[in-house]
Amino acid sequence: MRLRGWGGLMLALVIAAMSGLPLVVKSPFALDILIRILLFAFIGTAWNLLGGYARQFSLGHAAFFGLGAYTSTLLQIDFGISPWIGMFAGGVVAMLASLPIGWLCFRLRGPYFTIATIATAQVLMLIFLKFRDFAWGAEGTTIPNLGDAPLMMQFEGKAPYYYIVLGLLAAALGITAWIERSRIGYYLVAIGEEEDAAEAVGIDVPRIKRDIYMISSFLTALAGTFYTQYIYFIDPQTAFNFSISIEAALVSIVGGVGTLLGPLIGTVLLETTSALLQSWLGNSVGGVQLTVYSLILMAVILWRPTGIMGYAAEVYARRRQSPASG
Amino acid sequence: MAQAVINGLLIGGIYALVSIGVTLIFGVVKIVNFAQGEFVMIGMYISFFLGAQFGIDPVVSLLVSMPVLFFAGVLVQHFLIRRVLGLNDLPQIFLTFALSLLILNLSLMLFSANYRTLHTSYSDDAFHLGGLYVPVAKLIAFAVAMVLSGMLWVFLRTTDLGKAMRAASQNREVAQLMGINPNRVFAVALGIALALAGAAGSLLMPFYPAYPMVGQVFVLMAFVAVVLGTLGNVIGALIASLLMGIAESLGIQFIGADSGLIVVFLLLLTTLAVRPSGLAGGGRR
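Chains as they are written, first to last, in numbering that gives the first Met the number 0: chain W, 0 to 325; chain U, 0 to 284.
The set of hints was computed from the structure by calculation and includes no laboratory data. A virtual CB, placed ideally from N, CA and C, is assigned to each residue, including glycine. Treat the hints loosely; a few may be bogus.
Claimed, not checked - Chain W is nowhere near these chain U residues, computed Cβ spacing over 10 Å in every case:
#1 71
#2 97
#3 112
#4 242
Unchecked claim - FRET-style restraints, in silico, Cβ to Cβ:
#5 W/277 with U/170: 46 to 54 Å
#6 U/74 with W/281: 31 to 39 Å
#7 U/162 with W/301: 29 to 37 Å
#8 U/118 with W/280: 30 to 38 Å
Whole structure, please, built from the sequences with the hints as guidance.
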């Protein structure tokens with residue numbers, strides 16, 4: 000548990016270092032990769048609250064990403080409301096949606112919870128594909144480009160986007176660190192370890208699961224708004240893409256589920272690999288990225304099921320036990 | 000209406016092969032195989048290449064796809080699933096999920112996302128029964144699917160290995176005490192389940208295009224059918240699959256051309272809402 004203190008220090012250092020990056024990194028290509036890393040680290044951190052600490056393995060977080068993206072875009076295009084407000088409106092919509100979704104899915108455990116979450120995200124995507132009068136149907140829509148309009152979350156360069164998503168990630172990590180230390184954090188870990196036992200010692204398991212699902216969905220929805228503003232486009236296939244759900248879970252598992260920095264470290268590893276592959280092979284061959292991701296995922300599951308952070312904690316604990324070797 | 004029911008019933012036979020595989024693996028090994036659909040896809044590509052290169056009829060190439068996938072099942076059990084048995088949910092869920100992603104994306108690299116179709120002499124033929132239209136290819140697929148399901152049922156009831164498999168699915172510890180070797184039983188269960196998926200793929204080929212993502216539709220159908228038919232129950236999965244085929248077909252008929260999947264997902268979510276106790280056998284550990 001000593002790693003916790005170090006985690007906080009490391010986190011502060013990492014964030015300080017990352018704040019300065021856009022001053023040094025000027026290439027839009029590199030900044031784009033950094034923004035992707037921060038974005039998926041953010042989504043992964045949101046997923047990790049539910050999937051990592053409470054070990055409810057959702058593969059349907061695209062549902063909340065999409066709801067966030069659509070809420071802010073609809074408010075912006077139909078009512079001229081700034082995405083800065085729409086972002087939080089989307090978060091609230093996602094949070095409210097998590098109540099019925101959770102009510103359904105939490106009736107199941109293990110793999111069947113996972114399957115139910117996949118189904119809910121797919122149903123939402125199909126609904127948005129069908130209803131063209133209300134949300135542009137399958138064609139989607141582009142976000143009107145207003146040039147440099149900070150109040151509408153639109154900027155000339157990529158650096159402001161970088162700072163927004165860095166802020167989101169810092170907030171999510173802050174929330175996670177706070178939850179880790181609070182009572183609810185211990186409840187979550189207890190639920191993750193053995194749900195029935197947690198119930199037996201008097202933890203209100205359904206309530207805790209519901210609350211953490213709400214927080215996790217709220218955060219995921221913010222990412223949806225950000226991403227739509229960043230790429231100036233929305234359609235059901237992008238907003239509810241299954242690969243968002245997959246990557247949210249993947250980065251956490253590879254980095255280490257139920258650890259503060261796991262999702263960030265997992266994202267850095269996976270996204271860097273993916274960027275290197277892309278610069279090496281180009282965009283021409285489909286499927287390369289997910290092939291490599293799935294191989295990494297398999298290797299982690301078979302050899303290091305606690306992820307990179309879990310492994311680091313083991314090594315650290317071993318070092319402490321035998322100080323002579325240090 | 001009656002036409003939609005017939006179409007649905009015939010495709011339901013294919014869903015049955017896939018869901019029987021899923022339920023068999025779940026019943027015996029207690030693992031949900033997220034990659035089942037990808038093995039259907041492999042079966043389709045095997046039949047496609049044998050058909051396109053050598054002119055072998057898909058129903059005949061069943062004799063290739065089934066043994067190949069049986070062997071693949073034994074390998075998957077030996078090298079992957081065996082290593083996560085007895086561990087917690089995370090490796091159990093994400094191992095087969097990773098396998099599914101891997102096979103899907105490898106095929107995307109190898110075969111590209113293009114649709115491949117195989118035209119057989121009977122692909123366009125159909126019987127006409129009192130105004131109803133029964134496509135020959137789908138009828139053959141349905142008939143073979145029912146024969147294979149029947150053979151599996153007989154196998155599980157009458158042979159020692161089949162009985163051992165049922166015993167292992169009812170109570171693994173007791174079965175082990177009775178001298179049943181779980182690794183062998185598990186390997187055979189995986190082999191049979193994947194062979195059925197391969198058969199489904201071959202049977203689909205005369206009337207359904209092969210492409211890397213094709214398995215996803217089938218595996219989602221199978222999950223719903225397996226939940227409806229109670230986890231681990233072979234007959235339940237069979238009947239549920241046929242009903243699902245009909246429900247999907249009626250959904251397409253009455254709601255719109257591409258909404259079959261919506262009907263199926265809604266069915267799944269309604270089942271979960273109304274009858275979560277039906278899952279007591281496995282979904283709730």
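Going down the list of hints, with the structure as the test:
no. : hint                         : verdict
1   : 71                           : 16 Å, holds
2   : 97                           : 4 Å, violated
3   : 112                          : 6 Å, violated
4   : 242                          : 18 Å, holds
5   : W/277 with U/170: 46 to 54 Å : 50 Å, holds
6   : U/74 with W/281: 31 to 39 Å  : 33 Å, holds
7   : U/162 with W/301: 29 to 37 Å : 32 Å, holds
8   : U/118 with W/280: 30 to 38 Å : 34 Å, holds
Violation of the numbered hints given earlier is confined to hints 2 and 3; the remaining hints are satisfied by the structure.
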